[in-house]
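Peer 1: Read off the chains here:
Number of protein chains: 2
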Amino acid sequence: MNSIRVPVVEKILSANDQLAFQNRQFLKSKGVFSINMMASPGAGKTSFILQTIDGLKNRLKIGVIEGDTAAVTIDADKVSDAGVPAVQINTGGDCHLDAVMVAGGLQQLPLETIDLMIIENVGNLVCPAAFDLGTDINILIASVPEGDDKPYKYPAIYRGIDVLILNKMDLLPYIKFRPDYFKQGVEMLNPGLTTFPVSCVTGEGITDWLNWLENRVKKSHR
Amino acid sequence: MNSIRVPVVEKILSANDQLAFQNRQFLKSKGVFSINMMASPGAGKTSFILQTIDGLKNRLKIGVIEGDTAAVTIDADKVSDAGVPAVQINTGGDCHLDAVMVAGGLQQLPLETIDLMIIENVGNLVCPAAFDLGTDINILIASVPEGDDKPYKYPAIYRGIDVLILNKMDLLPYIKFRPDYFKQGVEMLNPGLTTFPVSCVTGEGITDWLNWLENRVKKSHR
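Chains A and B, in that order, give the protein sequences. If you want our numbering, it's the position in the first sequence, counting the first as 1, plus 450. If you want our numbering, it's the position in the second sequence, counting the first as 1, plus 450.
Simulated from the structure, these hints should not be mistaken for laboratory data. Mixed in with the good hints there might be a few duds.
No distinction is drawn between identical chains; accordingly, a pair holds when it is met within one copy or between any pair of copies.
[Said to hold, decoys possible] Straight-line C-alpha distance at most 25 Å; calculated SDA-like pairs for lysine to any residue: (1) 626 with 524; (2) 528 with 471; (3) 528 with 602; (4) 626 with 522; (5) 669 with 520; (6) 626 with 653; (7) 669 with 561; (8) 626 with 472; (9) 507 with 468; (10) 528 with 634; (11) 507 with 624; (12) 669 with 634; (13) 528 with 629; (14) 528 with 639; (15) 626 with 530; (16) 528 with 598; (17) 507 with 628; (18) 633 with 644; (19) 633 with 606; (20) 633 with 474; (21) 633 with 652; (22) 626 with 531; (23) 626 with 587.
Sequences are here, hints too, so could you generate the full structure?
Peer 2: Have a look at this one:
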C-alpha cells in the first residue's frame, strides 16, 4: 500500500511547495508578515490569537485566516468580534490547510492595509507539519495538559517550527508535567528554539511574546 | 487540486473498508472483542488504557496495539510494563492507523489467548475518523482542557463513535468548560451516545466504564 501512496503524496507536496513559494512572494510584495499557527485541538490557538490581536491591534494592522474542517464559524466569529478582518476556510474534512487554500483566502482580505497575517491551521499535530503555506514563520502552540511527551511522539512538527508557545501554564500546579523532560525533547529536535511559556487566562508571558512579534514584524518591513 | 485528490482517497478508502471487513471476521473467528481508541494528542489515551488494563486484567485477557507516527516506544513500553502483550505500529508519519497496519499488528499477537484487543490510534481528531479498522466498537476520548466546542469543530469523529469518554474531569474546577454546551453538540451529532465522564487521576467514573466494557465483551462471546 505504501508503494502506491508515496508517489501521490510527493506529487501533492511538490505542487504545494510551488504554491507556497508564490504565496510567500505575494505576501512580501504587499508588505505583509505572516504566521502559520499550528496546534493540537484545544491547545488554545484561538484564545492565543485573540490575546495577540488585543495586545497589538493599536500598534499593527492584523488580518486572520481561520482553518476549520467543518463549516462552523465559532473561531472566525470570535476573531471578527475582536475587530479585525477575518476569512474562514473550510477544508471539507481535510486535516490541514495547504498553500492553495491559503492563496484563496488571501484574495478575500484587504492585504494593502495589513501588516500582520495570522493563519490558524486545523487542530492537528501530524498533517499540518508537511504543508508549507508560504508564511514567514511557523509557530506551534503546545499546552501543559497535553503532556510533556509530545515532542517525542510528534517530532516532525517540532522540527519544522520557528517559535514554540507553551500555553496553559496556569494549569501546571494541577497536572503532572515535567518542564525539563519537555524542554529536553524540544532541544533534541530543534536546538535553541525560541519558546514562550504563556497563559491566556492569567496573561503570564504574553507581553514578552507581543514584544518579540512586534519587533519581528517591524524588522521585516525595513 | 481537489478534483485530482478525491478519486485517490476514495480508492484507498474502499480498499481499506474491504480489509477492515476481513479484520472484523478474523477477530470474530478468534473470539476477540476489539476497540479502536481515538483522541486528540494528549487527551489521555494511554493513561485510560492503563486504567482499563489494571481494572480488567484479572477478569479478561487483554492485548494492545499501539499506533504512533514516530519510532518511539513510550506508550508500548508502558503497556508492556502493565503485563499484557503489546505491539507497536509506526505509521511512518501517517496521521492515522488503517486496516492494513492493524492486520499486520494482529499477526504478531497471541490472539487465541486474548478476549479484548485495544487499539490505540494516532492522536488526531480528523484522519482516524475516515478509516475503519475492523474493530467491534469505536471510542473517542475527549478531555476537559480541550474545550467544550470540540464536537462542533470536529463533527466527523463524533458522528462515527459508539462510546465517548470525557477524561480529565478532575480539571473541571480550573477550566472554563460548559458541560451542557459540550453535551448539546454531542447530542446533535450522535443522539443518545453512551458517555462516561472519568478522571484517570482520581479514578472517578472508571468503575462504571469497566463494568460496561466487561459486559460488552462477555455478551460478544455468547
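Peer 1: Honestly, which of those hints from before does the structure not fit?
Peer 2: Structure breaks hints 2, 5, 8, 9, 11, 12, 17, 20, 23.
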